[in-house]
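To convert, note that position 15 of the sequence shown is 15 in my numbering; the numbers rise steadily by one, no gaps.
I should point out that these hints are in silico values taken from the structure, not numbers from a laboratory.
Bear in mind that the values here come from a model prediction, so they are computed numbers and not experimental data.
Derived DSS-like pairs (lysine-lysine); straight-line CA-CA distance at most 30 Å:
| no. | residue 1 | residue 2 |
| --- | --- | --- |
| 1 | K32 | K42 |
| 2 | K32 | K6 |
| 3 | K13 | K32 |
| 4 | K6 | K42 |
| 5 | K13 | K42 |
Beta-carbon label-pair distances, calculated as ranges:
| no. | residue 1 | residue 2 | range |
| --- | --- | --- | --- |
| 6 | Q3 | P70 | 45 to 53 Å |
| 7 | E67 | H12 | 14 to 22 Å |
| 8 | D16 | V68 | 24 to 32 Å |
| 9 | D15 | E67 | 22 to 30 Å |
| 10 | T64 | E14 | 19 to 27 Å |
| 11 | V19 | A71 | 27 to 35 Å |
| 12 | S8 | A71 | 30 to 38 Å |
| 13 | E43 | Q3 | 12 to 20 Å |
| 14 | A39 | A71 | 41 to 49 Å |
| 15 | K13 | S55 | 31 to 39 Å |
All C-beta atoms, glycine included, are put in the ideal place defined by N, C-alpha and C.
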Amino acid sequence: MEQTQKFSAMVHKEDDWYVSWCPDIDIASQGKTVEEAVANLKEAVELYLEDEDVSVTQTTSFLTTFEVSPAKTSHPVSE
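Please model the complete structure; the sequences and the hints are all you need to start from.
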């Protein structure tokens with residue numbers, strides 16, 4: 001039985017396209033829908049993994065959020 005690997009995918013919209021990115025191995029793709037972008041990313045990762053010289057260390061990625069106060073992000077310019 002063939003072993004499967006699990007990878008992370010992040011998707012964001014740029015103009016009319018959805019861009020998908022796998023941070024685990026730094027591969028990206030795109031599509032007109034989220035589903036197409038992820039399917040294209042999956043295909044790109046599969047093609048990348050076909051290379052016999054590729055060694056992938058399994059990592060665990062996760063997405064989280066945080067808040068920043070705009071007043072605290074302004075830094076005065078020093079002369």
